[in-house]
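Be aware that the sequence shown starts at 35, since it is given in our numbering, and climbs by one per residue.
Do not rely on the hints blindly, as some may be mistaken.
What the hints assert, rightly or not - Below, in silico cross-link-like pairs of lysine-lysine (DSS-like), each with a Cα-Cα straight-line distance of 30 Å or less:
#: 1; residue 1: 106; residue 2: 42
#: 2; residue 1: 38; residue 2: 109
#: 3; residue 1: 106; residue 2: 38
By construction, these hints were calculated from the structure, which means they are not laboratory data. As the structure is a computational prediction, the values presented were derived from the model and not from experiment.
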Amino acid sequence: MLSKVSNKIIVLAFAFYLMPFASIGQCAMCRASLQNEANKAAAEGVNDGIVYLMAIPYILVAGVFYAVYRLKQKKKEKVTTV
Numbered sequence: 035m036l037s038k039v040s041n042k043i044i045v046l047a048f049a050f051y052l053m054p055f056a057s058i059g060q061c062a063m064c065r066a067s068l069q070n071e072a073n074k075a076a077a078e079g080v081n082d083g084i085v086y087l088m089a090i091p092y093i094l095v096a097g098v099f100y101a102v103y104r105l106k107q108k109k110k111e112k113v114t115t116v
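Kindly produce the complete structure, drawing on both the sequences and the hints.
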């Protein structure tokens, strides 16, 4: 039977194995489409998409931290009232 640490290492190694080594395939396409001065709407759309994709992880992390904070506060209130 593997220990808990060994299981975590195996899962982590498998997760790294599934990650791509290089993900720069779309850079040339994005740059070419954004350099075209005639299509400003597409450039704004790409920029809005980038902002949207960057905002979602920060919102999720903030939500998790807020939930943990509320849990800690509730536990602290229970300890002080008892």
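Verification of the supplied hints:
1. 106 x 42: holds (27 Å)
2. 38 x 109: Holds: residue 38 and residue 109 sit about 28 Å apart, inside 30 Å.
3. 106 x 38: Given that 30 Å is the threshold and the Cα spacing comes to 27 Å, the pair holds.
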